[in-house]
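What follows is each chain in one-letter form.
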Amino acid sequence: GAVVSQHPSWVICKSGTSVKIECRSLDFQATTMFWYRQFPKQSLMLMATSNEGSKATYEQGVEKDKFLINHASLTLSTLTVTSAHPEDSSFYICSAGASGETDTQYFGPGTRLTVL
Amino acid sequence: AQTVTQSQPEMSVQEAETVTLSCTYDTSESDYYLFWYKQPPSRQMILVIRQEAYKQQNATENRFSVNFQKAAKSFSLKISDSQLGDAAMYFCACPGSARQLTFGSGTQLTVLP
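Residue numbers (my numbering), protein chains in the order written: chain A, 191 to 306; chain B, 155 to 267.
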């Protein structure tokens with residue numbers, strides 16, 4: 191149990207375009223999902239907390255107009271990178287907490303974004 | 155805000171031997187969990203073990219165990235009978251009030267055959 195999927199697993203796009211990444215909890219409901227960013231050989235940095243039915247909470251320094259987050263259901267959160275630039279190239283990972291398991295987060299397999 | 159410190163960027167261990175990865179943390183939460191995750195080359199984050207801070211007994215999951223020293227805010231991971239498949243980046247993590255995780259910088263573990 192507690193499986194989280196992400197789609198796509200990798201994407202290459204041109205500078206100026208937008209890219210949407212989906213995060214789904216497959217076998218549990220998640221009122222809260224999290225989006226992280228990871229650069230090569232570095233740790234995970236929290237970008238935002240996604241709450242079902244309400245606005246996301248962004249970490250300091252993360253542009254909310256650039257990284258749009260939608261959490262429309264208890265099993266789906268999306269991250270849209272708008273007007274992507276090469277510096278947005280990174281590994282994006284989502285996670286979700288299973289109900290009843292305090293604080294434990296289960297992670298998606300990640301999405302590698304390359305902006306040309 | 156939470157802080158998590160992993161002071162060992164790299165560690166190596168012989169297959170079948172035991173290795174301990176260190177982690178210290180700081181949090182203002184009174185009731186919390188602590189986590190160790192591993193990230194193999196596939197980059198999939200995998201939960202290794204978790205510890206409830208209010209429990210004095212150290213958590214154990216098969217070959218993985220923790221040494222939790224709450225007063226010292228120390229949370230080390232011991233891997234016994236190391237296997238080649240244990241090679242990965244290991245991250246210690248501490249949650250905040252909104253369940254968001256703060257990760258340490260990671261320890262890259264190499265298992266030598």
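Check the hints yourself; a few may be wrong.
Quick partial rundown of chain A residues pointing at chain B, CB under 8 Å, derived from the structure [unchecked claim]:
#1 S195
#2 H197
#3 W200
#4 D217
#5 F218
#6 P230
#7 L234
#8 L236
#9 F281
#10 Q295
#11 P299
#12 T304
Honestly, the hints are just simulated from the structure, not real lab data.
All of these numbers come straight from a predicted model, not from anything done at the bench.
Every residue gets a Cβ at the ideal spot worked out from N, C-alpha and C, and that includes glycine.
Here is what the structure says about each hint:
1. Hint status for A:S195: violated, given a least beta-carbon distance of 11 Å to chain B, over 8 Å.
2. At its closest, the beta carbon of A:H197 sits 14 Å from a beta carbon of chain B; the interface hint therefore is violated under the 8 Å criterion.
3. Taking 8 Å as the C-beta cut-off, the interface hint given for A:W200 is violated, the closest approach to chain B being about 11 Å.
4. For A:D217, the shortest C-beta to C-beta distance to chain B is roughly 15 Å, which exceeds 8 Å, and the interface hint is violated.
5. The beta carbon of A:F218 is not positioned within 8 Å of any beta carbon in chain B (closest approach about 14 Å), and the interface hint is therefore violated.
6. Of the supplied interface hints, the one on A:P230 is violated, with its beta-carbon coming no nearer than about 10 Å to a beta-carbon of chain B, more than 8 Å.
7. For A:L234, the suggested interface contact is upheld, since its CB lies about 5 Å from the closest CB of chain B, less than 8 Å.
8. Here the hint on A:L236 is kept, as its CB sits about 5 Å from the closest CB of chain B, short of 8 Å.
9. With 8 Å as the threshold, the beta carbon of A:F281 comes within range of chain B, its nearest partner Cβ sitting at about 6 Å, so the hint holds.
10. Satisfaction of the interface hint for A:Q295 is found here, the shortest Cβ-Cβ separation to chain B being roughly 6 Å, below the 8 Å cut-off.
11. Taken as an interface hint, A:P299 checks out: its beta carbon lies about 5 Å from the nearest beta carbon of chain B, inside 8 Å.
12. Checking A:T304 against chain B: minimum C-beta separation of about 15 Å lies over 8 Å; hint violated.
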